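**Student:** Turn these sequences into a full structure, and let the hints steer you where they fit.
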Amino acid sequence: MFISFVGRCARPAARSTLRTSRSARGSIRWGTSISQQPGSDHVRFPGAVDSKFTTEMSFVTPSANTAIPTYRVVDSDGIIVDKTRGALDVKDEEVISWYKNMVTVNIMDTIMFEAQRQGRLSFYMVSAGEEGIAVGSACALTPDDVVFAQYREAGVFKQRGYTLKEFMSQLFANRNDTGRGRNMPVHYGSKKLNTYTISSPLATQIPHAAGAAYALKLQALRNPNIPQRIAVCYFGEGAASEGDFHAALNIAATRSCPVVFICRNNGYAISTPTLEQYRGDGIASRGVGYGIDTIRVDGNDIFAMRQVTKEARRMALEDGGRPILIEAMSYRVSHHSTSDDSFAYRARVEVEDWKRRDNPIARLRKWMENRGMWNDDLEREAREGIRKEVLKEFAAAEREKKPRLKEMFTDVYEEMTEESKGQREEIKRMIETYPAEYDVSEFEDGIKGL
Amino acid sequence: MACSRNTLRRFLRPLQQYRSYSSAAPSPSAQLNLPIDYKTTPLLHHSSSSILASTGLPNNAPSKRLNLYQAINSALRTALSADEDVILFGEDVAFGGVFRCSVDLQTEFGSERVFNTPLTEQGIVGFAIGAAAEGMKPVAEIQFADYVYPAFDQLVNEAAKFRYREGGTDGNVGGLVVRMPCGGVGHGALYHSQSPESLFTHIPGLRVVMPRSPAQAKGLLLSAILECNDPVVFMEPKILYRAAVEHVPTESYTLPLDKADIIKPGSDLTVISYGQPLYVCSAAIAAAEKAFKGVNIELIDLRALYPWDRKTILESVSKTGRAIVVHESMLNAGVGAEVAATIQEGAFLRLEAPVKRVTGWSTHSGLIYERFNVPDVARVFDAIKQTLDY
Numbered sequence: 001m002f003i004s005f006v007g008r009c010a011r012p013a014a015r016s017t018l019r020t021s022r023s024a025r026g027s028i029r030w031g032t033s034i035s036q037q038p039g040s041d042h043v044r045f046p047g048a049v050d051s052k053f054t055t056e057m058s059f060v061t062p063s064a065n066t067a068i069p070t071y072r073v074v075d076s077d078g079i080i081v082d083k084t085r086g087a088l089d090v091k092d093e094e095v096i097s098w099y100k101n102m103v104t105v106n107i108m109d110t111i112m113f114e115a116q117r118q119g120r121l122s123f124y125m126v127s128a129g130e131e132g133i134a135v136g137s138a139c140a141l142t143p144d145d146v147v148f149a150q151y152r153e154a155g156v157f158k159q160r161g162y163t164l165k166e167f168m169s170q171l172f173a174n175r176n177d178t179g180r181g182r183n184m185p186v187h188y189g190s191k192k193l194n195t196y197t198i199s200s201p202l203a204t205q206i207p208h209a210a211g212a213a214y215a216l217k218l219q220a221l222r223n224p225n226i227p228q229r230i231a232v233c234y235f236g237e238g239a240a241s242e243g244d245f246h247a248a249l250n251i252a253a254t255r256s257c258p259v260v261f262i263c264r265n266n267g268y269a270i271s272t273p274t275l276e277q278y279r280g281d282g283i284a285s286r287g288v289g290y291g292i293d294t295i296r297v298d299g300n301d302i303f304a305m306r307q308v309t310k311e312a313r314r315m316a317l318e319d320g321g322r323p324i325l326i327e328a329m330s331y332r333v334s335h336h337s338t339s340d341d342s343f344a345y346r347a348r349v350e351v352e353d354w355k356r357r358d359n360p361i362a363r364l365r366k367w368m369e370n371r372g373m374w375n376d377d378l379e380r381e382a383r384e385g386i387r388k389e390v391l392k393e394f395a396a397a398e399r400e401k402k403p404r405l406k407e408m409f410t411d412v413y414e415e416m417t418e419e420s421k422g423q424r425e426e427i428k429r430m431i432e433t434y435p436a437e438y439d440v441s442e443f444e445d446g447i448k449g450l
Numbered sequence: 001m002a003c004s005r006n007t008l009r010r011f012l013r014p015l016q017q018y019r020s021y022s023s024a025a026p027s028p029s030a031q032l033n034l035p036i037d038y039k040t041t042p043l044l045h046h047s048s049s050s051i052l053a054s055t056g057l058p059n060n061a062p063s064k065r066l067n068l069y070q071a072i073n074s075a076l077r078t079a080l081s082a083d084e085d086v087i088l089f090g091e092d093v094a095f096g097g098v099f100r101c102s103v104d105l106q107t108e109f110g111s112e113r114v115f116n117t118p119l120t121e122q123g124i125v126g127f128a129i130g131a132a133a134e135g136m137k138p139v140a141e142i143q144f145a146d147y148v149y150p151a152f153d154q155l156v157n158e159a160a161k162f163r164y165r166e167g168g169t170d171g172n173v174g175g176l177v178v179r180m181p182c183g184g185v186g187h188g189a190l191y192h193s194q195s196p197e198s199l200f201t202h203i204p205g206l207r208v209v210m211p212r213s214p215a216q217a218k219g220l221l222l223s224a225i226l227e228c229n230d231p232v233v234f235m236e237p238k239i240l241y242r243a244a245v246e247h248v249p250t251e252s253y254t255l256p257l258d259k260a261d262i263i264k265p266g267s268d269l270t271v272i273s274y275g276q277p278l279y280v281c282s283a284a285i286a287a288a289e290k291a292f293k294g295v296n297i298e299l300i301d302l303r304a305l306y307p308w309d310r311k312t313i314l315e316s317v318s319k320t321g322r323a324i325v326v327h328e329s330m331l332n333a334g335v336g337a338e339v340a341a342t343i344q345e346g347a348f349l350r351l352e353a354p355v356k357r358v359t360g361w362s363t364h365s366g367l368i369y370e371r372f373n374v375p376d377v378a379r380v381f382d383a384i385k386q387t388l389d390y
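Residue numbers (full-length UniProt numbering), protein chains in the order written: chain A, 1 to 450; chain B, 1 to 390.
Source of the hints: derived by calculation from the structure; they are not laboratory data.
The reader is advised that the hints may include incorrect statements.
[Said to hold, decoys possible] Stretches of chain B that chain A covers, calculated by requiring three or more beta carbons in the stretch to come under 8 Å of a beta carbon on chain A: (1) 124 to 133; (2) 290 to 303; (3) 343 to 355; (4) 368 to 382.
[To be verified] Simulated pairs of lysine-lysine, BS3-like, Cα-Cα distance not exceeding 30 Å: (5) Lys319/B <-> Lys421/A; (6) Lys421/A <-> Lys259/B; (7) Lys392/A <-> Lys100/A; (8) Lys259/B <-> Lys428/A; (9) Lys290/B <-> Lys385/B; (10) Lys191/A <-> Lys310/A; (11) Lys385/B <-> Lys259/B; (12) Lys406/A <-> Lys259/B; (13) Lys290/B <-> Lys39/B; (14) Lys428/A <-> Lys311/B; (15) Lys191/A <-> Lys421/A; (16) Lys100/A <-> Lys366/A; (17) Lys311/B <-> Lys421/A; (18) Lys100/A <-> Lys165/A; (19) Lys388/A <-> Lys192/A; (20) Lys310/A <-> Lys192/A; (21) Lys366/A <-> Lys91/A; (22) Lys91/A <-> Lys165/A; (23) Lys191/A <-> Lys402/A; (24) Lys448/A <-> Lys311/B; (25) Lys366/A <-> Lys310/A; (26) Lys311/B <-> Lys406/A; (27) Lys406/A <-> Lys165/A; (28) Lys366/A <-> Lys355/A.
Here the structure is a predicted model, which means the values were calculated and not measured.
Think of the CB as a built atom: it goes at the ideal place given N, C-alpha and C, for glycine as much as any other residue.
**Tutor:** Shown next, in the form of structure tokens:
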């Protein structure tokens, strides 16, 4: 939206604000102007105080800069790249739990994608190729940290302790779903895990994370005894084109909010390749423009993800707080969702090539096998166990009743309005008058649940 | 060619009947469309003794004469003092705001709690939603209601639906209040005059409120900030910021966010309005009661535009049998449409005449046309006449 400066200075009804004297008590000097010394090489323009004059007219060209490098720890064969770094500071059982969490998401994805194809749930989105970003970042957070996700972060939920029963209850929208059957599948949420319920509109959660981080900052200032917390926000490179991304990073920087932004750059927004999404150096190059410390990382390397997130969390809490941007590079191996056939816009060979070349699960498995802590038997055992567990919860959740019908009307406001109460009575009357037209049998307590 | 000084002086001489910047010049022969006299209007408390009836405070509650912006400022100060979770932000609020509503508050409560944001409406509301989700009570200011649209997605898809989609997690943004100056101001043209309330009254999950006076504004705003657990869109008629002055209790008090207010009881016709047009309605009713001897007209302030007090309106119309709805924003799908439809459904057998709507026309706020566009005393008077004669 374009707003002229004049428009912003609209006069109130009676008298121009410009003529309103500021109260002496509340006057603050917002900037200082210093007259330029003769021969000075710069003047302190309030908009760019450190800029020096130059007589050479040269436009800044993005192509003159080399692309921001991608941080990695372990290569695609599971070998530590920098031999001088020594061993990784991780416990074997921790690594195994990350691995199992990634595999769980992967197996759940396979089963649920198929279930949607059979018409047993309305919709699904897999995380194939991005399990490492989710689990690798989540394992570096504390349970108190507040998470805002986009929709392809099932691994974050799994790593934070979301149970298979909770996943399945949400996917089947049954009476155990905290979302009370209101949201599409994969819109998970959990209060006890400090992870907000996902909403479909893209990028809206990015300014939420900035505001939540500001709240956490104020609460920590008030009460220094509580553990310090950050907000973490996930989004894709497509969502970063939304205005909310711009608004959020700018406001997070100006208000010094302890928030870590994690961009999953997987190369596609549905069918749109990054070449049609942006022409700069990805998302990372933008962070610098907002005055935000930024890093690009190999999203298929769970160790790099973990290290970077851990350090970002530390930096975000330094000196009263500041935002950090992480761009995690990966490839969306799967279709965008169950409503998408990605071979309509990309070559099958490209996808197969990525699958073969590199993925976060295979890479971690190689690293574990190199260390002698994993083998084919353990792999088979783990996968079979997880698969059984997923299918068990799947069957239980599918059999479970739907929530009570009244949940259609509750939680719009804190208290149900008179209008809603009247409308609830009206739908009840309709169902009772035309029982043949409405099947309420799958809802808990049937018509009584309204 | 340069003007001579005399030509220039003649050229710049103010026309007698003009206020230099206003398009609201009354017709020299006007009987009805006279400027609203806020010093004598019965809608404002010109003495401290009439406060108790409308605020529920004791008769001897200390009060102070304040205009609307000062009453808003008083409410914000009261809220910031009462609850450390209250934070106040938006464009230019730190120095006191372009309408002076936040004057001195940063000095008093510090820059952590009262601060400027970058110039981004979607950012302001998105940021507020996040803070509210984490238990704060953010009071976000949109500089003009005309500029709320970049934040429309955040208000409609996020704030309004937050509690519903969180469901059993109990996550909500009930602490959120979004303030915005609205309405015509004589010379605001397209982007400093709008009243977008009906765009929000179509959204379950949002409360939409508009006060008519300083004392109402303070009580309703305090209720929105400190007591209400639903997100509130709080619209302030900017023309009243300086024009409306009345006695406002100095202490803290709240007014209900879901109740209409019967300003003037009557038996023959119900006039329903909200915000600044109530003053127009009041003047038109006075003229009509003088012109049509024995007629007694009820005036009701909706106050809460959504969810709204259907019971009070239906009881009134069931008694009078006639209704007129008046608002400044345009006719099509405005608040009046909802009120009129509800009346014909809920008081059909009692109606003696069609429900009339006196509203802005379905056009934009062209700079020089404002006085022909917003409901004026003559139009409300005429609607009263037609409805009584039907």
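**Student:** All hints are to be evaluated individually against the structure, with a verdict given for each.
**Tutor:** To see whether the hints hold, each was checked on the structure:
Counting residues of the segment 124 to 133 of chain B whose beta carbon lies closer than 8 Å to any beta carbon of chain A gives 10, which reaches the threshold of three, so the coverage claim holds. Coverage of a stretch by a chain is defined here by at least three residues with a beta carbon nearer than 8 Å to that chain's beta carbons; for the segment 290 to 303 of chain B and chain A the count is 0, and the condition is violated. Counting residues of the segment 343 to 355 of chain B whose beta carbon lies closer than 8 Å to any beta carbon of chain A gives 0, which falls short of the minimum of three for the stated coverage. Counting residues of the segment 368 to 382 of chain B whose beta carbon lies closer than 8 Å to any beta carbon of chain A gives 0, which falls below the threshold of three, so the coverage claim is violated.
Straight-line distance between C-alpha atoms of Lys319/B and Lys421/A comes to about 25 Å, which keeps the hinted pair within the 30 Å bound. The suggested pairing of Lys421/A with Lys259/B holds, with an alpha-carbon distance near 17 Å, which does not exceed 30 Å. In summary, the hint linking Lys392/A to Lys100/A is supported, as the alpha carbons are separated by about 17 Å, within the 30 Å threshold. At roughly 27 Å between alpha-carbon atoms, Lys259/B and Lys428/A fall within 30 Å of each other, so this suggested pair holds.
Distance hint between Lys290/B and Lys385/B is fulfilled; the C-alpha atoms sit about 12 Å from each other, no more than 30 Å. Between the alpha carbons of Lys191/A and Lys310/A the distance comes to roughly 23 Å, so the proposed pair stays at or under 30 Å and holds. With a CA separation close to 28 Å, the supplied pair Lys385/B and Lys259/B stays within the 30 Å bound. Only pairs whose Cα atoms come within 30 Å are accepted, and Lys406/A paired with Lys259/B is accepted, the gap being roughly 25 Å.
The suggested pairing of Lys290/B with Lys39/B holds, with an alpha-carbon distance near 20 Å, which does not exceed 30 Å. Distance restraint check for Lys428/A and Lys311/B: the Cα-Cα separation of roughly 22 Å lies within the 30 Å cut-off, and the hinted pair is therefore satisfied. Distance hint between Lys191/A and Lys421/A is fulfilled; the C-alpha atoms sit about 28 Å from each other, no more than 30 Å. Between Lys100/A and Lys366/A the CA atoms are separated by roughly 14 Å; this keeps the pair inside 30 Å, and the hint holds.
With a C-alpha separation of about 14 Å, the suggested pair Lys311/B and Lys421/A falls inside the 30 Å cut-off, and the hint holds. The hinted pair formed by Lys100/A and Lys165/A meets the criterion: a straight-line CA distance of about 17 Å does not exceed 30 Å. Distance restraint check for Lys388/A and Lys192/A: the Cα-Cα separation of roughly 26 Å lies within the 30 Å cut-off, and the hinted pair is therefore satisfied. Of the supplied pair hints, the one linking Lys310/A and Lys192/A holds, its CA atoms being roughly 22 Å apart against a limit of 30 Å.
About 16 Å separates the Cα atoms of Lys366/A and Lys91/A, which keeps this hinted pair within 30 Å; it holds. For the suggested pair Lys91/A and Lys165/A, the alpha carbons sit about 28 Å apart, so the restraint of at most 30 Å is met. With a C-alpha separation of about 21 Å, the suggested pair Lys191/A and Lys402/A falls inside the 30 Å cut-off, and the hint holds. Distance restraint check for Lys448/A and Lys311/B: the Cα-Cα separation of roughly 27 Å lies within the 30 Å cut-off, and the hinted pair is therefore satisfied.
With a C-alpha separation of about 23 Å, the suggested pairing of Lys366/A with Lys310/A holds against the 30 Å cut-off. Distance hint between Lys311/B and Lys406/A is fulfilled; the C-alpha atoms sit about 23 Å from each other, no more than 30 Å. The straight-line distance between the Cα atoms of Lys406/A and Lys165/A is roughly 23 Å, inside the 30 Å bound, and the hint therefore holds. At roughly 15 Å between alpha-carbon atoms, Lys366/A and Lys355/A fall within 30 Å of each other, so this suggested pair holds.
In this structure, the hints that do not hold are numbers 2, 3, 4, in rising order.
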